[in-house]
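Novice: Each chain, written out:
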Amino acid sequence: MAIEPRNLSESSHGKDRLILPEEAKGAWSSIKENRKSGISGVVTLKSEELFAMARKSSLWPLTFGLACCAIEMISTYMPNHDFDRFGVVTWPSPRQSDVMIVAGTVVKKMAEPIKLLYEQMASPKWVIAMGSCATCGGPYVRSYSVVMGVDQIIPVDVYVPGCPPRPEALLGGVMELQDIIQKEPRKKRGL
Amino acid sequence: MSTDNFNQYVTEEFETKTRDLLTDSSPDIQPVFGELGIICNRSDISSVCKLLKDDPEISMKYLRSISVVDWVEHMEVVYHLSSIEHMNRIVVKVKIPLEDLRVDSVINVWAGADWHEREGHDLFGIEFIGHPDMAPLILYEGFEGFPGRKSFEIPSQETLYGD
Amino acid sequence: METKATVIRDQDSDTAELRINMGPQHPATHGVFRMVLTLDGERVVNVEPHIGYLHRGSEKLSEGENFQQITTLFDRLDYISNFNNEWVYVRVLERAMEVEIPERAEFIRIILGELNRVASHFLFYGTYGLDIGAMNPVMIGFRERERIQALFEGVSGARMMHNYFRVGGVKEDLPDGFVPAVNILLDQLKRGYEDARNTLTESEIFIERTAGIGKLGPEKTLDYGVTGPVLRAAGVDYDIRKADPYSMYSQLDFKIPLGSHGDCYDRYMVRMLEIEQSINIIEQCVANLPEGPIQGKVPRILRPPEGDFFVHGENPRGDLGVYLVSAGGTVRPYRLKIRGPSFSNLMALSSMMEGAYLADSTVILGSLDIVLGEVDR
Chain A
1 MAIEPRNLSE SSHGKDRLIL PEEAKGAWSS IKENRKSGIS GVVTLKSEEL FAMARKSSLW
61 PLTFGLACCA IEMISTYMPN HDFDRFGVVT WPSPRQSDVM IVAGTVVKKM AEPIKLLYEQ
121 MASPKWVIAM GSCATCGGPY VRSYSVVMGV DQIIPVDVYV PGCPPRPEAL LGGVMELQDI
181 IQKEPRKKRG L
Chain B
1 MSTDNFNQYV TEEFETKTRD LLTDSSPDIQ PVFGELGIIC NRSDISSVCK LLKDDPEISM
61 KYLRSISVVD WVEHMEVVYH LSSIEHMNRI VVKVKIPLED LRVDSVINVW AGADWHEREG
121 HDLFGIEFIG HPDMAPLILY EGFEGFPGRK SFEIPSQETL YGD
Chain C
1 METKATVIRD QDSDTAELRI NMGPQHPATH GVFRMVLTLD GERVVNVEPH IGYLHRGSEK
61 LSEGENFQQI TTLFDRLDYI SNFNNEWVYV RVLERAMEVE IPERAEFIRI ILGELNRVAS
121 HFLFYGTYGL DIGAMNPVMI GFRERERIQA LFEGVSGARM MHNYFRVGGV KEDLPDGFVP
181 AVNILLDQLK RGYEDARNTL TESEIFIERT AGIGKLGPEK TLDYGVTGPV LRAAGVDYDI
241 RKADPYSMYS QLDFKIPLGS HGDCYDRYMV RMLEIEQSIN IIEQCVANLP EGPIQGKVPR
301 ILRPPEGDFF VHGENPRGDL GVYLVSAGGT VRPYRLKIRG PSFSNLMALS SMMEGAYLAD
361 STVILGSLDI VLGEVDR
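Chains as they are written, first to last, in the numbering used here: chain A, 1 to 191; chain B, 1 to 163; chain C, 1 to 377.
Keep in mind that a hint or two might mislead.
Taking lysine to aspartate or glutamate pairs in the EDC-like style, the calculated list, with each CA pair at most 16 Å apart, reads [to be verified]: (1) Lys61/B <-> Asp237/C; (2) Lys150/B <-> Glu76/B; (3) Lys61/B <-> Glu98/C.
Honestly, the hints are just simulated from the structure, not real lab data.
Given only the sequences and the hints, what does the whole structure look like? Please build it.
Specialist: So, in structure tokens, the structure goes:
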């Protein structure tokens, strides 16, 4: 038996658990009774965890290639690796994006636009630093015009090493981010 | 074993032709590593380039690049020219004293000199007279110093990582 | 019933100039390129390109590196055609030190360089389709590119940043079973090329959107120093592999595709036909791949003689040149200047785009196939 959609502003307001409708409560007890037979239909969990689940399964990264890593990032979207199976769909506007994959060398001239893009993104938002340039400067660590890692301008959640990282490594990074999102549901991010 | 790697781009005939063409400005002309090297006076660069481009037998219509080299005592601007029809290559070099880092722009000869000159201005601080827009191209506004110069030091491994 | 339609022409409508900004974050700019367009209605009046958002200072960095270490920087310059970049760099040192390269190494270089050209053009094909608004080509393009990258990984150990070419030869010999693997790959690529042709080349919508758009005549291309497929699409027969042959190209049989109109469709077509020719070159090389050493005689520490050397090669985007100034007896270059083909190609953008419709601006920019890594260096 399916749960009827409810007005969440009423039900989850200041409470940890979703209030299940009467019918569902009945269903829940019947599940308890029928647990041995393996019949299931209703799960209870904290509302924040439910939202975290939804968030992690539908990450929309900002289409944002900087340098070499961008090519491997595009490869990850393409049929051979198929980012879509993780719910990751590229989106060209920062306003609707959840995650920013900084793929490539961050140059001082580019620092300001990156900051601006990050600020334009709506909370909750996450950042993946892809490749050694975005992590720490990489091969350009001695350059006069390169920012030594994107974490000097915006907070980073996941670092993916490699130069450039293989598509599998980026997939691993996204899975790591999904874990982070699921494990810290109570932590208020951003505003 | 392939021999293609050591192509020669200068024939004697071509060399004499170039000498005849440039008698007025009397630059130093000699073949260097398979190319024809011309060391020319700073004031002549625009006219020499125009002659080299417009002459039908030399026809240096393709400006490959403009590089600046910092020799500490002086600067040098190097023009790599090439001819599409004849496959000849010419390197024109101009010495520029440190006190007066200016040279005539060749943007009127080749439109493609535009960004090469702006880059030279960005990285080495050389003023190309006659260039319409010398705004920073690859560096941002407010960058201090000229990173191409030898005096601009990049941090060594030791200063980066400590002892 | 009679309907009366009023057609408002350009000159009738009251428009004012409008400046809009594109980039540096814009999916159609292929990286971090920024341009400020001045529009009058739908027409582009003026284009102001801004570059430098990926200026990593490779030239200055290379002054502090040993000659062997600089290959890694060249991999990352034009990150779509890495082998071709390395090739030009090692050739400048080979020319300076007059190193002779064994024939097997030359053939390996040509096979890998041409495969990389195919990979690069397939990537262009995919992203150009995306620029036009077609979703399918990018899937086909990357499918084929992925196959080539798998082979590269088998050869060099890396998908993109190979660091495989060495002064005097290549890093190590080809893995076992390379030749049959290439033959299988070429068959797959030919089928992929057929798919590509069926999807875009003969598509009426695609032709409608690209034919006659962004014209650039032979005079203007030369004036700007434009090279590569953009120059050849304008009908100028200039390919360094033929005009100034290096490696073993003078002994190989291939043709240079030429366009006649100099528009976006010709640029696309030249690249597609180059895929055919590259496959042809690889077939010849694989059939004649000799046995023997892969490394010529090179001193352990590279110290090129004093002097300045300029070597260029045909990159998928055009004429990539490296100008090396050696102080003589040092292990580091005194100055290394890189002449990127995209840098010069991009200069011609304004003259192509002025007068075009705003909707065509991404089509024109895409047809140049720029890589910002070598524009900004």
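Novice: Determine for every hint whether it applies to the structure shown.
Specialist: Taking the hints in turn, this is what the structure says about them:
no., hint, in the structure
1, Lys61/B <-> Asp237/C, "holds (14 Å)"
2, Lys150/B <-> Glu76/B, "holds (13 Å)"
3, Lys61/B <-> Glu98/C, "violated (29 Å)"
Against the hints set out earlier in the document, a violation occurs for number 3 only.
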